[in-house]
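Spelled out from the first residue to the last, the chains are:
Protein chains: 2
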Amino acid sequence: MKVAYLGPAATFTHEAALKRFGNEADLRPMRSIADVFMAVEAGEAEFGLVPIENSLEGAVTYTLDMFGQPDLDDIVIVAEVLLPISHHLMMAEGGKLDDIKLLYSHPQSIGQCRGWLRTNLPEVEIQEVASNARAAELVGHQPGIAAIAPRLCATNYGLQILASDIQDADFNQTRFFVIYKQRPRWPLPVFEDAEEGQPITALMISIKDRVGTLHAVTGVFTRYQLNMNRIESRPSKQKAWDYVFFIDFVGQPSQPHVAAALRELATETTWAKVLGSWIRS
Amino acid sequence: MKVAYLGPAATFTHEAALKRFGNEADLRPMRSIADVFMAVEAGEAEFGLVPIENSLEGAVTYTLDMFGQPDLDDIVIVAEVLLPISHHLMMAEGGKLDDIKLLYSHPQSIGQCRGWLRTNLPEVEIQEVASNARAAELVGHQPGIAAIAPRLCATNYGLQILASDIQDADFNQTRFFVIYKQRPRWPLPVFEDAEEGQPITALMISIKDRVGTLHAVTGVFTRYQLNMNRIESRPSKQKAWDYVFFIDFVGQPSQPHVAAALRELATETTWAKVLGSWIRS
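Chains as they are written, first to last, in our numbering: chain A, 6 to 286; chain B, 6 to 286.
If you are wondering where the hints come from, they were derived from the structure by calculation, not from laboratory data.
For glycine and all other residues, C-beta sits at the position ideal for the given N, C-alpha and C.
Errors might be hidden in some of the hints.
What the hints assert, rightly or not - The list that follows gives simulated cross-link-like pairs (lysine to aspartate or glutamate, DMTMM-like), each with its CA atoms no further than 20 Å apart:
1. B/Lys106 - A/Glu142
2. B/Lys244 - A/Asp79
3. A/Lys106 - B/Asp214
4. A/Lys213 - A/Asp175
5. B/Lys213 - B/Asp247
6. A/Lys242 - B/Glu142
7. B/Lys24 - B/Asp76
To be verified - Derived DEER-like restraints, expressed as beta-carbon distance ranges:
8. A/Arg156 - B/Ala265: 31 to 39 Å
9. B/Arg215 - A/Gln165: 24 to 32 Å
10. B/Lys7 - A/Ser286: 25 to 33 Å
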């Protein structure tokens, strides 16, 4: 089974792919989130794995935006993977905390360690790079340079860990989506029929910018007793200050009350799309 | 008048500061959004200027998160600045598009030019840096390296512009907030009393994770005929998958129906705070 994931190897997404698909799967690192979607769309991989949200930093907006691309309309979400995130400060053997002049990491990792960095390395120049693995690679054997990265990177790039678990909160987790291509996209594929657990459905909607339109949408969820786990707004990219909303709620379209709610939502929105349905991880 | 803004010089925030406060003001570049807030909190600057939202990339989540910091509780929003964003590809004199191996820019600029980059520079390595000005500075005289940055950077760092206005959409604008310290924070300061225009108020709220709680909130806005321009959710950073909401709506607390709506909102939320009120730019 071929699985495309956001690369390079040794990142958290790689770890999530191993957790979900195991060592047996043919895991293929991609250069970007867009490339993961396109590999699944083109049939080069059966599944894709992309980060969607971190419990501290919030939504991975680039992943949300991919669901709005017209050429990726057959991509559906079929599962989620939840991964605890541990960040470590690492540098070449022999280096010390006081030597550090420059630090590389991914913007989300920097965000998740901001408190620790402000306290421990307030004067160090921070450079954002495309992945934690790239950060570890850039450190190499150079003195004075450090990276924030997952433990796997220290092993892969021969670095020592100077400080462990430097993330600001101990509830730091990242959620990943498993994506799949299905045409026609409806009815949604069900891969976890036999699994016990709470079903979740993700929607993307567009509403008119007018008093009461969002209230009409939230009213549908309340009437059908559906708990909205999450609502995110994103620019529509059609015109300035115009938004689409991403909503996760408890339930699945095969349940009659959810099907009825979805029909009603279609009348309260200018546009609506079910992105997928899965069992909570 | 001292104004702290997100530096370095020659970035879009600098341009926005010049637009709002003019050449006469003592404009002081800060190293980070947090430093702008802290300069205003400490009284080192009378006003601060920070980006809050781009019409393509969405919220500047780090700015939103600062409003949740308990030690910054006296900071209020008093105005907004709207700036059209134009991105340019620049490199050292004599360089050509085909020579480019490495590109530096700020993550939001990269996001705003993603389509152009995918078409014109699909193989080029992209490195995210903390600011567009830093990107332009890193280019220096090196061949094969380019930056995406504002026009002012080409002048400041002696670079040539290879391609102009490479942003994906022509409605690319960024909104900035002018922040100010006031203790006690209520009633809100009004700096633009005499100005004509639509008043906007920003709120931050927290609600219970339960069926109908968000609907109760949107109901208050509908009952008082208040148009919600925008709703953003952000992790509460208190526990995993727990959120706070940022809401902008048309109206100001000095209007009786808005005051009544705010009193009612207090009963429908577990926590609510008015972040500021200003005239739409």
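A quick look at each hint next to the structure:
no.: 1; hint: B/Lys106 - A/Glu142; in the structure: holds, 18 Å
no.: 2; hint: B/Lys244 - A/Asp79; in the structure: violated, 34 Å
no.: 3; hint: A/Lys106 - B/Asp214; in the structure: violated, 44 Å
no.: 4; hint: A/Lys213 - A/Asp175; in the structure: violated, 40 Å
no.: 5; hint: B/Lys213 - B/Asp247; in the structure: holds, 9 Å
no.: 6; hint: A/Lys242 - B/Glu142; in the structure: violated, 30 Å
no.: 7; hint: B/Lys24 - B/Asp76; in the structure: violated, 29 Å
no.: 8; hint: A/Arg156 - B/Ala265: 31 to 39 Å; in the structure: violated, 54 Å
no.: 9; hint: B/Arg215 - A/Gln165: 24 to 32 Å; in the structure: violated, 47 Å
no.: 10; hint: B/Lys7 - A/Ser286: 25 to 33 Å; in the structure: violated, 50 Å
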